[in-house]
Amino acid sequence: MNILQLLRHISVKHLRHQKARSLMALIGIALGVAAMVSIDIVNMSVLRSFEDNINRITGRAVLQVTDAESGFPEAMLDVVQKVPGVEYAVPVIETNGCLAWGDERAFAVLGVDVLQDGNIRDYSITDESSDIPDPLLFLARPDSILLTREMAAREHIAIDQQIKVQTVQGTRTFTVRGLLEPDGPAKALGGDIAVMDLYAAQLAFGKEGRIDRIDVSILRGESLDTMKERIQAALPEGYNIDTPAGRSRQMENLMGRFRKSMDMIGYLALFVGMYLIYNTVAISVVQRGREIGILRALGATRRQVSGLFLGETVVLSLAASLLGIGLGIILAKISITAVARTVSSMYGRSSITDLTIIPLHLAKDIAIGVAASVIAAFFPSRSSSRISPISAIRSTPYSSDALRRHRGLTIASLAFIGIAGAILLVYKTAAHASPLRSSSMTIAAMLSLLLGISLSTPLFLRRFISMFHRLFAGRLGAGGRLAGLNLEKNLTRNAVAVAAVFFSISLSVSSSSLLFSVQKGLMDYIDDVERSDVLITSGHPLASAGAQTIPMPLEMALEIEAIPGVDAADPFRKLFITISGRRVLLEAIDIPRWLKRNTVKVVKGMQGDVGTMMPGKDVISVSESVASRYGLKPGDHFTLPTPQGPVRFLVISVVVSFASDSGVIFIDYQTFRRIWQDHNADMFSVYVRPGNDVIDVRDAIRELYKDKRKMFVLDSREFRAEIKKLLDQSFEMNNAVNLLTLAIAGFGIIITLLASVFERTREIGILRSIGMKRGQVSGLVLIESALLGLAGGLLGTFAGVLTGWINLEGFFRLDFGDSISYQVHYLSICWALLLAVGLAVLAGLYPARRAAKTNITEALSYE
Amino acid sequence: MNSLPVQSAKCGMRNGRQLRNAPQPRSTSAALVFLRVLCVSVVISVFSSPAFAISGRDIFEKVHEVSVKGLDHEISMTMVLFDKNGGKRTRTLTSYSKNAAPEAYKALAVFKTPPDLKNVGFLVHARTFSNRDLWAYFPEFKRVRRIANTSQDDSFFGSDLSYDDFTGPANLDDFKFSLEREEVVDGKPCYVVEVTPKTRRKYTRYLAWVAKDLWVQVKIEYYQDRDIYRSGTFKNVRLINGIPTPFRSEMENRKTNHRTELTIDNIRYNTQFSDDLFTQRSLERAGK
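The listed protein sequences correspond, in order, to chains A and B.
If you're matching positions, the first sequence starts at 0 in numbering that gives the first Met the number 0 and goes up one per residue.
If you're matching positions, the second sequence starts at 0 in numbering that gives the first Met the number 0 and goes up one per residue.
In short, the hints are calculated from the structure, not lab data.
Among the hints, a few may not be true.
With a Cα cut of at most 30 Å, we get these calculated BS3-like pairs of lysine-lysine [unchecked claim]:
| # | chain 1 | residue 1 | chain 2 | residue 2 |
| --- | --- | --- | --- | --- |
| 1 | A | 616 | A | 600 |
| 2 | B | 187 | B | 211 |
| 3 | B | 234 | B | 87 |
| 4 | A | 488 | A | 852 |
| 5 | B | 175 | B | 83 |
| 6 | A | 163 | B | 234 |
| 7 | B | 87 | B | 117 |
| 8 | A | 81 | B | 141 |
| 9 | A | 616 | A | 595 |
| 10 | A | 519 | A | 632 |
| 11 | A | 163 | B | 141 |
| 12 | A | 163 | B | 187 |
| 13 | A | 707 | B | 87 |
| 14 | B | 111 | B | 287 |
| 15 | A | 519 | A | 723 |
| 16 | A | 18 | A | 616 |
| 17 | A | 163 | B | 211 |
| 18 | B | 175 | B | 211 |
What follows is a set of in silico ranges between Cβ atoms, one per label pair, in the way DEER data are often shown [to be verified]:
| # | chain 1 | residue 1 | chain 2 | residue 2 | range |
| --- | --- | --- | --- | --- | --- |
| 19 | A | 161 | B | 177 | 46 to 54 Å |
| 20 | B | 275 | A | 161 | 48 to 56 Å |
| 21 | A | 707 | B | 273 | 25 to 33 Å |
| 22 | B | 275 | A | 181 | 43 to 51 Å |
| 23 | B | 145 | A | 519 | 23 to 31 Å |
| 24 | A | 678 | B | 254 | 46 to 54 Å |
| 25 | B | 75 | A | 152 | 37 to 45 Å |
Each residue gets a CB set at the ideal place from its N, CA and C atoms; glycine is no exception.
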């Protein structure tokens, strides 16, 4: 009889009889695959959306010249236009605005030289396809703006209507001169885009004489690389010449951490699915021991028996993976809007109209789902083949089989834990720039560690029970002693339930410790660097530069300082610069003013130098990650691209900063203004004079700018609460996975205990017949359940503390530096243990009830 | 801009040989047709060949040969744009043009009203009839800007005239001409000539009704395959300094139902302007 015949004759019957458990395993794997699929689709859709937007906005341009986000002199346009081989070079301003009414919808503003831009982009203000009644007026008036038809319809805006828009210059009134049909750039960003003539945009957005980008098309026959070199040679050093695809890649890099954490959640979900498969197959092996024995006695080989279980797993996981694909697509559809909103506020405007589904990725997810299931089923299916026919038919305890199996498991467990240790060692000793120092390494280490600890659960459970016997069993009476013995009797099956609890508790402990560490680190950092009473930001308080922020003019500081009760309003500017193709956040702070009230944590260098050497000079401080990436130390010189060409700065210190995962360079605000010729601020730190009420001052600021500009005015308490809320939000997905794993762990306990109750029907009948009361039987099962929960909880706490540290290494220290310290959250550990026991007891209620209801006569005649 | 009545430049080839050698096509449109009217009216006294003995190409060559006479001019005009809902926008402008031999021509147009457009100007330097530079000046920005040499068939800033109508003569070698029939339009006997561009244009062909008595176009229809895309009429033709000049012309975009009316308020030929009038500096000063 071959495997297929065995599957048809035996497995189908078994699946039919064990519908609930098979269904749960199927759902488990399906959820794991669904999580992977949805995360992949969401990631791809977000990236494709960025790519699509970039392509639509860049039109036929094959190269783009950019500098710092503050823009560069438009004189560079002439330089590029004169480079041999350049077909067209057109200037672009790309910035943000938002409507000053209703839901204050934000949109991108594309400022282009309308008279030249048709050479690059597919639209024309004079074409019939655009509804622009008077293109001449559009060009002649600086208040002219074009909206997309989609946006106009959504906001009920008509041609010739005046609209109020928040700009860097405050609220400005524009006249809608026409509507663009959804084509070319007008189709980008879901229609949330406005087009202005370049020179009008320069005036409106405070960029007179400056442009953000030059879009270049090249003559036929010229190679891209040659043209890049020629343009690079013609321009001063520091300008970045890249293809639109390169810009997409930059955005991909910027989103790297976000993607990594999403991927991590996908893997964890699949890991949970693996537990379910392991659980299902292991219990199936235990329950079908007699059947296996008969098969073996009838001549079935070990390979055939093992193949039978693996075959069942393949069929089940294939069906589950297919279900997971469907579920994943639905999940992606549900979550895409929320993800797009987060990405837009944190990284850059994104509009996702369609889901990007790549068949190859789906095939990969199916393969991973099946492979993970087969791996999970491998050990229990192999153990099934080792059951001796006689012991199986007699239903004798398989202690000898289990013992051998446990030895193997212990070796495997140690091997996986060893691998995890080795990976971490390699990771910690690798250079910062090395590909070995990546979060993929820490993910691998973490999964290996979890697998290793999972495999050690039988061993751990045996030790745990023996300790229980020694210390507590006697105090709980006959029930306690019997509970311990029962758990010991079916160690493998109970270990699976413990593993499920362990996994869920480890995730919970890990994420709470991680969150606690990040929260504490970030709050301590903010307490050091941001001691203002009121904070005014132009965008999301934690947004990256370049996201939907509209900088504020520096002059606002004077207006704010004129408000009664305000002592000072310190400006703060942040923008990204590109160094060797990588973006780094440049933070400009008025150092002398700032240091009066705040402190900076210097890791390398002299603390006092920051205050004495930086103001007004070509001196910078760098964050730990920048220092590590570029091998910088105090006293070194580092050249930065500036609008005036490359400028050599002295590195005075290495400091702690959690402001960006791209790394941070600090510069004095006066130096920044001198070199960048940028007179804007993204944030003002407002200090209130002693004796004045912070809330009154905050309200006065809000009142002053109520109708002038959109901005966040938060007192320090609100600011901290906002940051905490954001951090909590970023862990919401983790919490969802934690809940899922807890539910799965609960199911695992129910299945294990139910199987145990059914198996011990006769034994329970005897106990009842010799006088054990229903309550005592029920208590016995509940004690077993609580013990399983406690064992899983203890192991999970241990693993969670370790994986929390690994996560901190791979997801935070890598990007923010080593200053962030790991903090174990003891309170959450207590809660986790209580939760584990409570959940286990809750899960044990139903099996306990079933056991208590056992009919003595029927039970004694069982088997 | 070489605004409508200045379109004599469009048919203003020095001679037939030069026309055939000019490398790039230029469409006929409202302004071109308008100018053709001027040219033809001059030609009328010279040519008296029987209609049946003439080809489509001959008709257009004759029109072009005399059009150059209208290149030196100053015209004040009123342009009214009507949208499909009946809304209208009125603007007045003055156009100056100069025969710039040995180069082609130079032209300057300055808007006078409405206030929003006052002193907005356009400058054209046509080195040859196929090679021209365009600049615009917008006083609010105090900046002279170059206009890309993009699609010559696109609308000229919201009017129903194309860029090509405003920027110079066509090269007849880039078109095929076919005398289709003879018709009477508004009591005037006309040749109906089908003109087909040899290269891809926004239109596939156009029909021009050329009045036999004045050699002036009185009607024009542009087609995209079988559908009419734009159409125009040229009326109230008067002889000014011997140059037939349509004082009222109209062009309609049949797709958008948008219409442009152009009326000459004042015209002066043989102006002999200095080159200084056609500089970027002059553009910034609105021709002053």
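Status of each hint after checking the structure:
1. Using a Cα cut-off of 30 Å, the hinted pair residue 616 of chain A and residue 600 of chain A holds, with the two alpha carbons roughly 21 Å apart.
2. This hinted pair checks out: residue 187 of chain B and residue 211 of chain B have alpha carbons roughly 7 Å apart, not beyond 30 Å.
3. For the proposed pair residue 234 of chain B and residue 87 of chain B, the alpha carbon gap of about 21 Å is at most 30 Å, so the pair holds.
4. The suggested pairing of residue 488 of chain A with residue 852 of chain A holds, with an alpha-carbon distance near 23 Å, which does not exceed 30 Å.
5. Taken as a hint, the residue 175 of chain B and residue 83 of chain B pair is broken in the structure, with Cα atoms around 34 Å apart against an allowance of 30 Å.
6. Between residue 163 of chain A and residue 234 of chain B the alpha-carbon distance is near 46 Å, which puts this suggested pair outside the 30 Å criterion.
7. With a C-alpha separation of about 18 Å, the suggested pairing of residue 87 of chain B with residue 117 of chain B holds against the 30 Å cut-off.
8. Distance restraint check for residue 81 of chain A and residue 141 of chain B: the Cα-Cα separation of roughly 24 Å lies within the 30 Å cut-off, and the hinted pair is therefore satisfied.
9. Restraint check for residue 616 of chain A and residue 595 of chain A: the C-alpha separation of about 19 Å stays at or below 30 Å, so the hint holds.
10. For the hint linking residue 519 of chain A to residue 632 of chain A, the alpha-carbon distance of about 27 Å falls within 30 Å, and the restraint holds.
11. The straight-line distance between the Cα atoms of residue 163 of chain A and residue 141 of chain B is roughly 25 Å, inside the 30 Å bound, and the hint therefore holds.
12. With a C-alpha separation of about 56 Å, the suggested pairing of residue 163 of chain A with residue 187 of chain B is violated against the 30 Å cut-off.
13. For the hint pairing residue 707 of chain A with residue 87 of chain B, the CA-to-CA distance comes to about 35 Å; that exceeds 30 Å, so the pair is violated.
14. A C-alpha spacing of about 13 Å is found between residue 111 of chain B and residue 287 of chain B, which places the hinted pair at or below 30 Å, so the restraint holds.
15. At most 30 Å may separate the alpha-carbon atoms for a hinted pair to count; residue 519 of chain A and residue 723 of chain A meet this at roughly 10 Å.
16. Restraint check for residue 18 of chain A and residue 616 of chain A: not satisfied, since their Cα atoms lie roughly 74 Å apart, outside the 30 Å limit.
17. Using a Cα cut-off of 30 Å, the hinted pair residue 163 of chain A and residue 211 of chain B is violated, with the two alpha carbons roughly 58 Å apart.
18. Taking the CA atoms of residue 175 of chain B and residue 211 of chain B, the gap is near 20 Å; set against the 30 Å cutoff, the hint holds.
19. Checked against the hint of 46 to 54 Å, the C-beta distance between residue 161 of chain A and residue 177 of chain B comes to roughly 52 Å, which is consistent with it.
20. Checked against the hint of 48 to 56 Å, the C-beta distance between residue 275 of chain B and residue 161 of chain A comes to roughly 41 Å, which is inconsistent with it.
21. For residue 707 of chain A and residue 273 of chain B, the Cβ-Cβ distance of about 51 Å falls outside the hinted range of 25 to 33 Å, so the restraint is violated.
22. In this structure the hint that residue 275 of chain B and residue 181 of chain A lie 43 to 51 Å apart at CB holds, the actual value being about 47 Å.
23. The given range of 23 to 31 Å is broken by residue 145 of chain B and residue 519 of chain A, whose C-beta atoms sit roughly 59 Å from each other.
24. Between residue 678 of chain A and residue 254 of chain B the C-beta distance comes to about 48 Å, which sits within the given range of 46 to 54 Å.
25. Separated by about 42 Å at the C-beta atoms, residue 75 of chain B and residue 152 of chain A satisfy the suggested range of 37 to 45 Å.
Figure legend: structure checked against the earlier numbered hints; hints not met, in rising order: 5, 6, 12, 13, 16, 17, 20, 21 and 23.
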